[in-house]
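Peer 1: Please take these sequences and the hints and turn them into a complete structure.
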Amino acid sequence: MIRALSLVTRRQWDRHRLRTGLTMLGIALGVSVIFAVRTANITLLGSLRQTIEKLAGTATLQVIGGESGFPEEVLDLVRSTIGVQIAEPVIEVVAHTAFSDEASLMVIGVDTTGDQELREYQFDESRSEIGDPLVYVAQPDSILISRPFADKHGLKEEDRLPLFTSHGRKEFTIRGIFKPVGIGEVFGGQVAVMDVYSAQFVFDRGRNFDRIDLMTDPEVPIETVERRLRDQLPAGLEVTRPASRGEGIENTVAAMRQGLIITSFIALLVGLFIIFNAFSISVNQRWKEIGVLRALGVEAPNIQRMFLGEAAVIGMLGSLIGVAGGFYIAVGATEVVSGIASAVYGYASTPEPPIFRLDYALEAFAAGTLTSLVAAWLPARAAARLNPALALHNIETRQPEAVLGRPRMLAGLGLILSGLAFIRFSTPRVGLMLQFGYVVLIVLGLIIVLPMLAQWIARALRPVMAWAFGPEGLLAIDTMIKAPRRTSATVGALMIGLMFVFSTGAYIQSYQNLVMRWMDRTINSDLFVTTSEQARSRTYHFSEALSQRIAALPGVKRVENVRFTFVPFAGDTAAVITIEMDGWFDRQHHPVEEGDDRLARELLPKGEGFVIARNFSTRWGTRVGDRLRLESPTGPLERPVIGIIEDYSSEKGSVFMDRELFKTYWRDSAIDFIDINLLPGVDRAAFKSELQRMLAGEQRAFIYTNDEYKRWVMSLIDQFFTLNYMQMVVAIFVAAIGIVNTLIISVSERRREIGVIRAIGGLRGQVRKMVLLEAVAIAIVGLVVGALAGALNTYFLIRTAAVILAGFTIPFHFPATLIIISMPIVVVIALAAAWLPARHAVDLHVAEAIGYE
Amino acid sequence: MPQMVELIDVSRDYGDVDVVHALRHFHLRIEQGERVAIMGPSGSGKSTLLNLVCGLDEPTTGVIKIEGIELSRLDDDARTRLRREKIGMVFQTFNLLSTLNALENVALPLRLNGLGPREAERRGRILLERVGLGSRMAHLPDALSGGERQRTAIARALIFQPPLLLADEPTGNLDSATGDDILHLLDDLHREFETTILLVTHNELAAAYCDRIVRMRDGSVLREERLLKTGAEIEQ
Ligand SMILES: Nc1ncnc2c1ncn2[C@@H]1O[C@H](COP(=O)(O)OP(=O)(O)O)[C@@H](O)[C@H]1O
Ligand SMILES: [Mg+2]
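Top to bottom, those sequences are chains A and B.
Using the numbering used here, you'd call the opening residue of the first sequence number 1 and step up by one each time.
Using the numbering used here, you'd call the opening residue of the second sequence number 1 and step up by one each time.
Worth flagging that the hints you see were computed from the coordinates, not collected in a lab.
Keep in mind it's a predicted model, so treat the numbers as computed, not measured.
C-beta atoms are modelled at their ideal positions from N, C-alpha and C, and glycine is treated no differently.
Each hint should be verified, as a subset may be incorrect.
[Claimed, not checked] Taking CB as the label site, the calculated pair distances span:
no., chain 1, residue 1, chain 2, residue 2, range
1, A, Ile825, B, Asp180, 41 to 51 angstroms
2, A, Gly414, B, Tyr14, 28 to 38 angstroms
3, B, Ser135, A, Ala460, 20 to 30 angstroms
4, A, Asp14, B, Arg217, 29 to 39 angstroms
5, B, Asp16, A, Asp14, 43 to 53 angstroms
6, A, Leu444, B, Asp175, 48 to 58 angstroms
7, B, Ser176, A, Ile825, 51 to 61 angstroms
8, B, Asp77, A, Thr817, 56 to 66 angstroms
9, B, Asp77, A, Arg357, 52 to 62 angstroms
Peer 2: In C-alpha cells form, the structure reads like this:
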C-alpha cells in the first residue's frame, strides 16, 4: 500500500518539481542558518582555545589574573610552592608593526633562559653558529620572529623590526627566526617572542605579568598543587589548567552566542512555516486525488502516512542540503563572529576553516526533519479526515473553508494575551528556554487567528485594490478573501519572516537610540584617543607618559585617563571602568540615578566607594548601600556601592572606581582611552589634526572628536549585530520563497480561471498584472500582520531577552520607521517573487486550460 | 458585406510524434445573423473548431477570417480584443469565476475593457434582468443552480452585444427542461440582437433551433443540412 502511495507521491513531485524544490529550499535555509551559526561559534571557540593550548606549551597549570595581570612577587610565591617544578612568567600583547600595513603581531614575552623547558622553539639552521638565539634575545631591543611573519615582510636575522609600543615606535633587532611549529603556529604564525622584562617595559605593564605557566612535579598529583596554589594566592588570581581556560572565553562571548541562538530559533520557525504552507497547499490542491485514493479503498491513516512520508523525505533532503550549504555559509559566518569577538571582546583570532562537527550536523539534520514532520502534521491530518464524497466534487462546488470560527479566534487571542502576560509579569530569572515559550505562545496564537485576520485585512483592502488597480486588483484580492487556506499560510510565512526582521531591527534600533541618548548625556569630552579601531585592545595600552604629553599641549584644559578592563566576578566577569573621578563628576550633570549624588561626588574620588551600572545591579542583584567585593591580584577590594548609574559600556555590567584606587590594587597604570577636554575656543578638528601630526609614525593611536567617537561606538554596535542583519536577510529570502511557492501553486490551481479570463477577453498584460497584484496583496497583508507580530516580538526581546542577556532595560519603541521603510522593499520582493508565476500564467495555453480539467 | 466567419482549408494537428488531425482541410462560411449547429461524435473536432474561430488556438494551415479580418494577421492582444468585443463564448461547464458574484462575473469583460465599475455593473444588471436573474445578482456561482449559472454565462457572453456567439454544448451539463429554457433564451436573444450563433451540440432538438447543421467526423465535414424552418418557428 505504502509503496503504491509513494508512486503517487513521486508523480506529484515530478509534476511540481519547482514547488517541491522550493519547499526543500525553505527547510534547507533554516537548517543551514542554524548549522552555520553553531559551526561558526565552535570554530571561533576552537581557534581561541587552540591558541591558548599552543601558547601553554607543556605547562600543566597556569596562574592567571584579570586583564591587568598580577605583580611579579606572585612568581616567587608560585616557585616556592611544593610540587611546582618549573614556573615561567608570560606577557602577551597583540601589537602592531610600524610597517605601512601596520600588521598585527602577537608578541609573547617570556623569560628566555628558563622558558625552553616549557615551550619548544625550533630555529632555522642557518645561524646556528651564533649560538642560542634565546640567549641573545634576553637583551632589550632583541626579538625573535616566526618564519611566516618573516617571509611575509621579507625579514631576515639582524634586520630591524619597528613596532608600536606603549612608549611609541621602537625598533627591535631580529635575533632569530623560529619554525612555524608549537608556539610558532598560533595567530596564523604572526608571532614574535621577546624578553618578558623588555615586554613589561615597552608595553607599560609596570612590574606585572599576565600569566605564569608552570609544570608540576610528576610525583605529586596536579590537584594537590592546584589546591596549594589556590590557598596561597590572592582570590583575584585563578589557578587553572590550560584546557579549561577555553570555558572562560565561552563565558565571555556568551551574550553573542545566546543572541544568535535566539535568532536561529526564529529562522527555523520561518522554515517550519514554509513547510506548513507548502503542505496545506499541497493537500488543498490534491483534494481530488485524495478523494480518488479514498474511493479506491485507501484508509485514512495511510493517507496521513503518505503525506508524513513526503514530509520526512522533503525534510531529510532539505536538511542534507542545509547542512552542506550551512557549512559553506559557516566560512563567512566564522569571519563575522571572529570579527565580533575581536571588535567587541578584544579576542584576536585568525580566520580558521570551519570545523565540521558531526554531532551538530546530525542535530541540525534532525531539527530540519522534525520541523518538517511537525509542520506537515496538521495538513496530513486534514487530508486523512477529508470526506471522500466531498473531495470528488467539482472544484467549483468545493465547500467554503471552515477556518474562520469564533472559538478559534478566541483561542488564538487567549494564547497571545497569556504570552504577553507572561512576558510582562514573570521574572527574568526563569531561564531562556522557558522564556522562548512565551514567544511560542504568541506566535501560535497569531497563527491561529491569522486566517481570519488576513481575511479582514483583505476585505478592508478590497475597495482600495479595486480603486487603484481596477478589475485585476479585484480579482487578485478576491482570491485572498475567498480562499483563505491557500494564501493565509503564505501570509503566515511572511508574517514570521517580517516579525523576525521588524523585531530584530526594532530591538537594534531601540538599543542604538538608547545608547545614543546615553552618550549624548554622558560623553562630553572634546576628543578621545583610543588604542584600537575596535572596541578596545585587551593587551595593548597607552602609558601615562603619552597622556602627560597630551595634557601639556597648548589648548588642553584637562585630560582624563580611562582604564576599561574586565575582572573576574562571581564565576563570570565584570567590567571595571576607572577614571579620575573628580574630573568625571565635574563634567556629568546628574549621573547617579539611584543613590546619593552628592555622597558619590564626595566619596568616589577618595576611593571610598563604587558606583555601579544599572545592568550590573540587575544582573547580580546588587543595591545601593551593599558592600561590593572585587578580587584584585593583591587581595580583595571591598567598598560600598554609593550609587547606580545608567551605563551601557558592557553587557556584563560595569563597576566605576577611581583610577588611583585601581592602580593601587591592580598595580596597573595602563590607559585605554584618553579623554581630552579643550579650553574654550579651541577648535576640535584643528586640535585633532595637530595631535595626529604629533603622533604620526610614532604612536599607534586613534583620535576621534566627540561626534566621531559616538559614530564609532554606533558602528561597533552595528558590527555586533552583523549576524543578525544577515539572518534578517535570510528570513526575508525564505519568506520570498514562500511567496513564489504559493503563487506558482495559485497559478496552476487556477489554470482554468486564468484561461476563462483570457477567453472572455483578458489580455496577457492583464493576467500578468493580476498575478503580480496577488503578490502585492499577499505582501501588504503580510506586512500588516508582520508589523503586529513584530511589535509583539519586540516587546519580548526588550522585556525578556535584553534583560537576560545584559540586564539592560530598553524602552519599547514601535518599529514604525522600519516598517514604513520595508513596505516598498517587501512589495518589490513580492513582485520579484511573482515574476516567474506571472510568466507561467501568461504563457498558459488557454484552449487547453479551459478545455480540460 | 463580408462573411461573419470564414474558414478556408483549415487544418489543425496536435502533437509531433503521434499526430492527431483534429481538423482536416476544413471549409466553413457563416453569414451574418445565421445560426449554425455543429454536431458530431466526441473527438470529431468540434471544440477545436470553436477555439480556432475565437482565436484561442491557431490553425496548422489555412486561413480564418472574422468579419473579413484574418486572425493570423493579428497579434495576441489584438486577437484578444477582437474576441472580447466581437465574440461571446458559452461553455458546457459555464466557467464562471467562483470568487466573483453573478453581477461581477457578467461585468468582468467590460471592466477588463477599462470601463468603471459603476457603468459596467449598470449594464451587467440590465443583461442579468434580461436573462431572468434580476434577483440573484449578488450570489456567488456556488449558490446558483446549473441553469442559473448558464444564464449568467450567457449574460457575460453578450455584455458587449457581440455579433458572434460561440456556444460549446451549452446544455450538456443541464437537465432537459433547463436545457430547453436555455435554448429558448438563446433563440430570443438571437432575434433581439441578431447575433450570429455557432452552436456545438449533441442534441438534435437543440440543433433544430438553427438554420443549418454541419455534421462532422474525424475533423472533416460529413454532411451539411439546411433547415427551412427552425425548431422555434415550428413550435410557434
Ligand atoms: N490540446 C490538445 N492536444 C492534443 N490533442 C488534442 C488537443 N485538443 C484536442 N485534441 C484532440 O483533437 C481531437 C478533437 O478534439 P475536440 O475538438 O476536443 O473534439 P470534440 O470537441 O468534438 O469532442 C481529439 O482527438 C482530441 O483528443
Ligand atoms: Mg468538445
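Peer 1: Could you run down the list of hints and mark each one as holding or not?
Peer 2: Hints, one by one, checked against the model:
no. : hint                                      : verdict
1   : Ile825(A) / Asp180(B): 41 to 51 angstroms : violated, 59 angstroms
2   : Gly414(A) / Tyr14(B): 28 to 38 angstroms  : violated, 58 angstroms
3   : Ser135(B) / Ala460(A): 20 to 30 angstroms : holds, 29 angstroms
4   : Asp14(A) / Arg217(B): 29 to 39 angstroms  : holds, 37 angstroms
5   : Asp16(B) / Asp14(A): 43 to 53 angstroms   : violated, 21 angstroms
6   : Leu444(A) / Asp175(B): 48 to 58 angstroms : holds, 50 angstroms
7   : Ser176(B) / Ile825(A): 51 to 61 angstroms : holds, 59 angstroms
8   : Asp77(B) / Thr817(A): 56 to 66 angstroms  : violated, 43 angstroms
9   : Asp77(B) / Arg357(A): 52 to 62 angstroms  : holds, 59 angstroms
Taken one by one, the earlier hints fail for this structure at numbers 1, 2, 5 and 8, listed in ascending order.
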